[in-house]
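Novice: Just so you know, the sequences run in chain order H and W. Under the working numbering, residues 85 to 343 are what the first sequence spells out, in order. Under the working numbering, residues 85 to 343 are what the second sequence spells out, in order.
By construction, these hints were calculated from the structure, which means they are not laboratory data. Incorrect hints may appear among the rest.
One copy or two, it doesn't matter: identical chains are merged, so the pair holds either way.
List time: in silico SDA-like cross-link candidates among lysine to any residue, alpha-carbon distance up to 20 Å [what the hints assert, rightly or not]:
1. Lys-278 x Tyr-295
2. Lys-340 x Ser-177
3. Lys-233 x Pro-208
4. Lys-306 x Ile-337
5. Lys-188 x His-205
6. Lys-188 x Glu-162
7. Lys-188 x Ala-222
Computed from a prediction, not measured in an experiment: that's the story for all the values here.
There are 2 protein chains.
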Amino acid sequence: MNPVYLIGAGNVAWHLGRAFLRSGVPVGGVWSRHTAHARELARDLDCPVIAALSALPAGPGLALIVVPDQAIGGVAAELLATAGQDLTVAHTSGATRLDVLGEKTGQTGVFYPLQTFTRGHDTPMEQVPFLLHSGEEAVMTQLETYARKLSRHVLRVTDEDRAYVHLAAVMLNNFVHHIGHQALRILADRQLDKHLLQPLLAETTRKLMQYPPGDIQTGPAKRGDLRTIEAHLTMLADYPDLCSLYRHLSQSINPKLPL
Amino acid sequence: MNPVYLIGAGNVAWHLGRAFLRSGVPVGGVWSRHTAHARELARDLDCPVIAALSALPAGPGLALIVVPDQAIGGVAAELLATAGQDLTVAHTSGATRLDVLGEKTGQTGVFYPLQTFTRGHDTPMEQVPFLLHSGEEAVMTQLETYARKLSRHVLRVTDEDRAYVHLAAVMLNNFVHHIGHQALRILADRQLDKHLLQPLLAETTRKLMQYPPGDIQTGPAKRGDLRTIEAHLTMLADYPDLCSLYRHLSQSINPKLPL
Chain H
85 MNPVYLIGAG NVAWHLGRAF LRSGVPVGGV WSRHTAHARE LARDLDCPVI AALSALPAGP
145 GLALIVVPDQ AIGGVAAELL ATAGQDLTVA HTSGATRLDV LGEKTGQTGV FYPLQTFTRG
205 HDTPMEQVPF LLHSGEEAVM TQLETYARKL SRHVLRVTDE DRAYVHLAAV MLNNFVHHIG
265 HQALRILADR QLDKHLLQPL LAETTRKLMQ YPPGDIQTGP AKRGDLRTIE AHLTMLADYP
325 DLCSLYRHLS QSINPKLPL
Chain W
85 MNPVYLIGAG NVAWHLGRAF LRSGVPVGGV WSRHTAHARE LARDLDCPVI AALSALPAGP
145 GLALIVVPDQ AIGGVAAELL ATAGQDLTVA HTSGATRLDV LGEKTGQTGV FYPLQTFTRG
205 HDTPMEQVPF LLHSGEEAVM TQLETYARKL SRHVLRVTDE DRAYVHLAAV MLNNFVHHIG
265 HQALRILADR QLDKHLLQPL LAETTRKLMQ YPPGDIQTGP AKRGDLRTIE AHLTMLADYP
325 DLCSLYRHLS QSINPKLPL
């Protein structure tokens, strides 16, 4: 297997690098604008630091650009200016179009892992969906070979569909986390153990995936139970931010509510 | 073990009845205002139908009132008017105070299972927290004996704390379900498999319980990334309800956002 180069040394680079090594794919080196970060990740992965984007080894391989979205274009331009024709360059962003990588369409692609990663906590990568895209079948096949080393869940998704998947993922991850955070905060303020809500959360997410979602919604908003809603809003008097959130979400669940 | 009587024949009655039987606690009978429902559940549980609230067998036992919140007081009054002194009467509601059951405090309590139940799908009851309350220690002990037959997770919680737990549970279950529903709807509209989001959802909920929640929030709202937020709002142009929800939740995550 040809090597992977990590262009970026953050959270996603850490996870992909470790997962490639576990799967027997060599990591040929790490580059980062912050040399200290590159050095740290290179030490973790036992691979070389790449000192400059113009200094990637010649020969075939996959350079994965894992930098913040707004930096992808600049890094790609610099990298592709000197890279050999055998190097494929892909970014790992959900929200960024393929053409940000420039015009060398025979060398460029998207390699997007649909997951939230926490540095220091290994994620079971074989369950992570990898959404791939390229304008060229040869690149696509190559990206698939790498992705299948990591995951059982590899699929081809266009720029536009990937953007919507990313949007849905932001909603699911960030918004669900926020709601959960607020619910746990109410418990914490009363010195109640947050794990009280663990079985409910597990069942909520199980049902979400198992049943047609609209059909199984329950609760005061859905059944138009204004008495309970008013009682909840009164209880939330000390949490003005939560009052507003509660009201808005209840109204979104049941637009007929006179809130 | 003295028998349990189910006063109500809905979803929660179905689950508690089945769980009691599995745990070897006899179900002495089922009452419902709708005789057909009582008959159906009694058939499922292989126990008698109780024809009237005044017709409960004499002798010790636990009558669990599992009817809609606003009906609990009336049912309790009718039941306690003729019930023997050996019968304990408890409701199973998170949002209802103990004193709705009337003045016979030596016979009344709260027996609240903190879970969302789906009829026809058995929930592992041994993981469900049971929140108990009573004004009398003897009743409390009795409720604990019944609850421990069902679950490893039994605790004493006051009316006020239980109301806040119920509020947090409504937020966690109803609001998370709603967010999830909207995210899956975006995928469905693009003919994408909803299971794409399954690993992300699992990791989101795992992290929520494992880490201090505020610390690990990520995403465009948290980092004030207006470019991505504006792109998402543009993509949601065909979903005016989602636009509003997205805007409100982003603002709630990061109150400094100029949305």
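Novice: Reference check for the pair Lys-188 and Glu-162, CA-CA at most 20 Å: within, between, both, or neither?
Specialist: within (13 Å within a copy, 80 Å between copies)
Novice: My question is about Lys-233 and Pro-208: at a cut-off of 20 Å on alpha-carbon distance, are they close within one copy, between copies, both, or neither?
Specialist: within (13 Å within a copy, 36 Å between copies)
Novice: Have a look at Lys-188 and His-205 and pick one of within, between, both or neither, based on CA distance no larger than 20 Å.
Specialist: So Lys-188 and His-205 fail the 20 Å test inside a copy (36 Å) and across (54 Å) alike.
Novice: When no copy is specified for Lys-278 and Tyr-295, does a C-alpha distance of 20 Å or less occur within a copy, between copies, both, or neither?
Specialist: between (26 Å within a copy, 11 Å between copies)
Novice: When no copy is named, should Lys-340 and Ser-177 be tagged within, between, both, or neither for a Cα gap of at most 20 Å?
Specialist: Classified as neither: same-chain Cα gap 39 Å, cross-chain 25 Å, threshold 20 Å.
Novice: Tell me, please, which holds for Lys-306 and Ile-337 at an alpha-carbon limit of 20 Å: within, between, both or neither?
Specialist: Answer is within; shortest intra-copy Cα gap is 6 Å, inter-copy 24 Å.
Novice: At most 20 Å between C-alpha atoms: does Lys-188 with Ala-222 qualify within a copy, between copies, both, or neither?
Specialist: within (13 Å within a copy, 79 Å between copies)
Violated hints for the displayed structure, listed by number in ascending order: 2, 5.
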